[in-house]
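Colleague: Now for the letters of each chain:
2 protein chains.
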Amino acid sequence: MRKVKVYVTLKENVLDPQGSAVEHALHSLGYQAVSHVRIGKYMELLVDENVENMDETIKEMCEKILSNPVIEDYTYEIGEVVSE
Amino acid sequence: MRKVKVYVTLKENVLDPQGSAVEHALHSLGYQAVSHVRIGKYMELLVDENVENMDETIKEMCEKILSNPVIEDYTYEIGEVVSE
Chain A
69 MRKVKVYVTL KENVLDPQGS AVEHALHSLG YQAVSHVRIG KYMELLVDEN
119 VENMDETIKE MCEKILSNPV IEDYTYEIGE VVSE
Chain B
69 MRKVKVYVTL KENVLDPQGS AVEHALHSLG YQAVSHVRIG KYMELLVDEN
119 VENMDETIKE MCEKILSNPV IEDYTYEIGE VVSE
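Read top to bottom, the protein sequences are chains A and B.
The first sequence runs contiguously to residue 152 in this note's numbering.
The second sequence runs contiguously to residue 152 in this note's numbering.
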């Protein structure tokens, strides 16, 4: 099995109310040095190494299930081999 | 300003119903090669470089606001300098 890390972020021009809320919370606790908070998703999964065309499979999964390509971008890393 | 990336993940022994739901969805679409899906958060923020003790400040923010230390772990990366 290989560990795969997927990062999903809102596209730049999409509003992020959750990020704004977190930014306000940080400011009100005194962390004025922070700005441009954007919140996305981080996913870890294991993928069987014997799968055909791992790269293509992961892209498909990202586009169909793990992200919403209308408003989100994704990147992924295929990481180390791990025993299940 | 420096770009900071924060990764928040559920601790290993904490159940992840959202991850299970995504895993089921992937299996039902035919992606049987996938297992152990865990879902976390990925946050990007800018932090003023002139802040005192940036490392300590980010840790504090992670523990107070960005994660729930009872059930979540966090890691962060202090990245490149960006113009606002």
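Since the hints were made in silico from the structure, they are not lab data.
Incorrect hints may have been included.
Estimated spans, in silico, between C-beta atoms of each pair [said to hold, decoys possible]:
#, chain 1, residue 1, chain 2, residue 2, range
1, B, 103, A, 96, 37 to 45 Å
2, B, 151, A, 128, 19 to 27 Å
3, A, 128, B, 88, 16 to 24 Å
4, B, 132, A, 85, 14 to 22 Å
5, B, 120, A, 123, 20 to 28 Å
Calculated Cβ distances over 10 Å to all of chain A for the following chain B residues [claimed, not checked]:
#, residue
6, 83
7, 108
8, 123
Below, computed lysine to any residue pairings styled on SDA-like, alpha-carbon distance capped at 20 Å [to be verified]:
#, chain 1, residue 1, chain 2, residue 2
9, B, 132, A, 119
10, B, 73, A, 82
11, B, 71, A, 76
12, A, 132, B, 98
13, A, 71, B, 132
14, A, 109, A, 142
15, A, 71, A, 150
16, B, 73, B, 141
17, B, 127, A, 97
18, B, 71, A, 71
19, A, 132, B, 93
20, B, 71, A, 108
21, A, 127, B, 92
22, A, 109, B, 121
23, A, 132, A, 119
24, A, 132, B, 73
25, A, 109, A, 91
26, B, 73, A, 93
27, A, 73, B, 95
28, B, 71, A, 104
29, B, 73, A, 150
30, A, 73, B, 145
31, B, 109, A, 139
32, B, 132, A, 143
33, A, 73, B, 99
Backbone N, C-alpha and C define an ideal beta-carbon position, used for all residues, glycine too.
Colleague: Run every hint past the structure and note whether it holds.
Modeller: We went through each hint and held it up to the structure:
{"no.": "1", "hint": "B/103 with A/96: 37 to 45 Å", "in the structure": "holds (41 Å)"}
{"no.": "2", "hint": "B/151 with A/128: 19 to 27 Å", "in the structure": "violated (36 Å)"}
{"no.": "3", "hint": "A/128 with B/88: 16 to 24 Å", "in the structure": "holds (21 Å)"}
{"no.": "4", "hint": "B/132 with A/85: 14 to 22 Å", "in the structure": "holds (21 Å)"}
{"no.": "5", "hint": "B/120 with A/123: 20 to 28 Å", "in the structure": "violated (44 Å)"}
{"no.": "6", "hint": "83", "in the structure": "holds (15 Å)"}
{"no.": "7", "hint": "108", "in the structure": "violated (4 Å)"}
{"no.": "8", "hint": "123", "in the structure": "holds (13 Å)"}
{"no.": "9", "hint": "B/132 with A/119", "in the structure": "violated (41 Å)"}
{"no.": "10", "hint": "B/73 with A/82", "in the structure": "holds (19 Å)"}
{"no.": "11", "hint": "B/71 with A/76", "in the structure": "holds (17 Å)"}
{"no.": "12", "hint": "A/132 with B/98", "in the structure": "holds (12 Å)"}
{"no.": "13", "hint": "A/71 with B/132", "in the structure": "violated (29 Å)"}
{"no.": "14", "hint": "A/109 with A/142", "in the structure": "holds (9 Å)"}
{"no.": "15", "hint": "A/71 with A/150", "in the structure": "holds (7 Å)"}
{"no.": "16", "hint": "B/73 with B/141", "in the structure": "holds (14 Å)"}
{"no.": "17", "hint": "B/127 with A/97", "in the structure": "holds (14 Å)"}
{"no.": "18", "hint": "B/71 with A/71", "in the structure": "violated (26 Å)"}
{"no.": "19", "hint": "A/132 with B/93", "in the structure": "holds (10 Å)"}
{"no.": "20", "hint": "B/71 with A/108", "in the structure": "holds (15 Å)"}
{"no.": "21", "hint": "A/127 with B/92", "in the structure": "holds (18 Å)"}
{"no.": "22", "hint": "A/109 with B/121", "in the structure": "violated (27 Å)"}
{"no.": "23", "hint": "A/132 with A/119", "in the structure": "holds (18 Å)"}
{"no.": "24", "hint": "A/132 with B/73", "in the structure": "violated (25 Å)"}
{"no.": "25", "hint": "A/109 with A/91", "in the structure": "holds (17 Å)"}
{"no.": "26", "hint": "B/73 with A/93", "in the structure": "holds (18 Å)"}
{"no.": "27", "hint": "A/73 with B/95", "in the structure": "holds (18 Å)"}
{"no.": "28", "hint": "B/71 with A/104", "in the structure": "holds (9 Å)"}
{"no.": "29", "hint": "B/73 with A/150", "in the structure": "violated (25 Å)"}
{"no.": "30", "hint": "A/73 with B/145", "in the structure": "holds (16 Å)"}
{"no.": "31", "hint": "B/109 with A/139", "in the structure": "holds (17 Å)"}
{"no.": "32", "hint": "B/132 with A/143", "in the structure": "violated (28 Å)"}
{"no.": "33", "hint": "A/73 with B/99", "in the structure": "holds (16 Å)"}
Of the numbered hints given earlier, the model fails hints 2, 5, 7, 9, 13, 18, 22, 24, 29, 32; all others are met.
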